[in-house]
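Based on these hints, arrange chain B on the given structure of chain A.
Chain by chain, the residues run as shown.
There are 2 protein chains.
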Amino acid sequence: MRILILGGDGYLGWPTAMYFSQLGHDVLVVDNLAKRQWEAEVDGAPLEPVPTLRHRVRVWNDVTGNEIGVAIGDIAENPRFVYRVFGEFQPDATVHYAEQPSAPYSMAGRERAVYTQRNNVAGTLNVLHAMKRHVPESHLIKLGTMGEYGTPAIDIEEGWIEVADAGGRRDRLPFPKMPGSFYHLSKVHDSHNIHFACRIWGLGATDLNQGVVYGIATDETELHSELLTSFHYDAVFGTALNRFCAQAVAGVPLTVYGAGGQKRGFLNIRDTLECVRLAAENPAEQGEFRVFNQFTEVFSVLELAELVRDAAAHLGIEAQIDHIDNPRVEAEEHYYNPKNDTLLALGLEPRLLSDELVETMLRRIADSVDRIDRATILPQVQWRIGSAVRR
Amino acid sequence: MRILILGGDGYLGWPTAMYFSQLGHDVLVVDNLAKRQWEAEVDGAPLEPVPTLRHRVRVWNDVTGNEIGVAIGDIAENPRFVYRVFGEFQPDATVHYAEQPSAPYSMAGRERAVYTQRNNVAGTLNVLHAMKRHVPESHLIKLGTMGEYGTPAIDIEEGWIEVADAGGRRDRLPFPKMPGSFYHLSKVHDSHNIHFACRIWGLGATDLNQGVVYGIATDETELHSELLTSFHYDAVFGTALNRFCAQAVAGVPLTVYGAGGQKRGFLNIRDTLECVRLAAENPAEQGEFRVFNQFTEVFSVLELAELVRDAAAHLGIEAQIDHIDNPRVEAEEHYYNPKNDTLLALGLEPRLLSDELVETMLRRIADSVDRIDRATILPQVQWRIGSAVRR
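For the protein sequence lines, the chains are A and B, in the order given. Each residue of the first sequence is one higher than the last, beginning at 1 in my numbering. Each residue of the second sequence is one higher than the last, beginning at 1001 in my numbering.
Simulated from the structure, these hints should not be mistaken for lab results. Honestly, I wouldn't trust all of these hints.
Pair ranges (Cβ atoms, derived) [as the list claims (entries may be wrong)]:
1. R371(A) x R1384(B): 51 to 61 Å
2. T1064(B) x P136(A): 51 to 61 Å
3. N1337(B) x E162(A): 11 to 21 Å
Below, a sample of chain B positions facing chain A; criterion: calculated Cβ distance under 8 Å [as the list claims (entries may be wrong)]:
4. V1114
5. L1125
6. A1153
7. V1163
8. A1164
9. D1165
10. R1170
11. L1173
12. K1177
13. N1193
All figures in this text were calculated on a predicted structure; none of them were measured in a lab. Think of the CB as a built atom: it goes at the ideal place given N, C-alpha and C, for glycine as much as any other residue.
Next up, chain A with everything else stripped away, as it sits in the complex (with noise of 0.2 Å):
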């Protein structure tokens, strides 16, 4: 298959682009680099440094063989080489990374709010028009996120619920969605806007409701040093339990947002790649919009923290929990299950979270302790007040 990768040098982007390529498919990855500015805007750089894009490209070849497309642009801002890249690569299927990540960063004032959602609305808007234009009958994976729908009073389906009136008629309905930062509200946007495209022009997408993703190695990843992906520990891109790891490490205490009581589902980066690699397989029809919830397990924030904490005991390290003001304004108790059948039912074998992955972890980060920046971990951002970040 012909596999786009938008937001190819990201986090999770460029791992699924080796993944994919050493599967033996034709990857072409685009990426606008634009994360390595705001990366330096809120002073967080990732644990390792990341070579460029391009170079980590000429390492996969010399190690694999295998060879990786880059074009460099920017979808949210030029059109016209978004059209060029589906016009010209004709993918199978689009792997959509593409986006402003951060719900904090998208908290920390409303130039960044704004910012991120024209950015990743337009860029999903102007993909979904190159797809119409140049390749309709070609699938849209797109990362959406758990936290698009909150914390409702009720399970949570896979995008769609069967609701009943007070007569007794039944649809099928889009989930409601109760967002928790402009960030995860872009996303529902863009839920709502490929809905529409697949209604009308009969794209075929799936949107996959991704949990937080933790983990700082793939097999490919492996292969060469310089073949990493960026790892974040630090409160604006850094994912909780990437962080609370770099704090254990770092001998600092485990920070943990209120009671920390918020359960999320989580998953590692691992199984990202496999269930992008099970939604291309298992492409969804013409005309059809499917939702996958993807993550493996339900963790409260505090269950993450002691994990670490006890984790870390056994590498003779000893980490302390402290609770923090809540910086987000979210339930700190609440009901959560979250439905994750259709990934599970196309095949995927879950990685679950163990004492042996996390001290794997630990040890990768340890050897990098020098470089972790302790000022970087705390959050500077208030949900309640939007704080620029470090203004």
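Same frame as chain A, now just chain B:
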């Protein structure tokens, strides 16, 4: 009260401004006058030439002695302007009409789709941030659309729905949305963003999901010939009833899209003003996100055409109804039962559509029959093709 009208140069904004001014409120209107450019782009001039906003404000002052303030600026592109307006005027209520309001315009190719969503979404985000900064206890009255819901097979509640899951747990969640154009989608995005701002910042907002508005006159527009509002009959900015009336007067067939079984909520422009007043006089609580469905009657498009044909016959005009290929993608036969209880409970007394009203409109349009440009009435934009408007 201090009432800020965003989009005060438009079809509904200008009559709303005069209405609140006449009621004794302190009114400031904001507009970037972009609608006048969009009209020129798509070759769709209003039936009668509309004097500039500042000219109409002077006439209003001459006629009534009341003053209406004017601030010309772009709420989507100029955030400092938005903050200044909110900071200096300190509105008690903000009525927000300032969006690109046409579904066909939004479907006329990629550029206009992206423009519509970026413009509408960013304008509303800027307004929310400016409210939070300067008037967090003021009331946002946002014009949404009944088109946000689409045509589900269940009753359409007012913005919220009680949902139960298989385990019998229940929650009240946002009503699922299935909008029918990139314009309608922009309003769905706005609704999610506003709801979020109410949840995290405690703002109070009323989302008025309005039906299709018809009518050419209000009590205030009738006070002077130069106090008119822009009346559109073209395929891009004209709404169904207004367009049918112009076709009857022009002696061309009334063009029903497809079978004409599409049902929609409708209301008189005078009732739009009443509804907005009722919302302003009964504001949302802090932190509350209310949705009112704002329409008074449901008709199918064919019923509307027949109503115009019959009223025209009373005036000796023989109007014919043509079914043309539907340029839109929409169900032409469907269940439709939207609720509109809240505004009625607040005291709305609907002006129902009558032969007399249609005859009045027909006579009024007949005064300007020579100005009707028949070339602009037939649809140029196809939902499936996304053709540009007269490129």
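Structure-based check of all given hints:
no. : hint                           : in the structure
1   : R371(A) x R1384(B): 51 to 61 Å : holds (53 Å)
2   : T1064(B) x P136(A): 51 to 61 Å : holds (56 Å)
3   : N1337(B) x E162(A): 11 to 21 Å : holds (18 Å)
4   : V1114                          : holds (5 Å)
5   : L1125                          : holds (5 Å)
6   : A1153                          : holds (4 Å)
7   : V1163                          : holds (6 Å)
8   : A1164                          : holds (7 Å)
9   : D1165                          : holds (4 Å)
10  : R1170                          : holds (7 Å)
11  : L1173                          : holds (4 Å)
12  : K1177                          : holds (7 Å)
13  : N1193                          : holds (6 Å)
Of the numbered hints given earlier, the model fails none.
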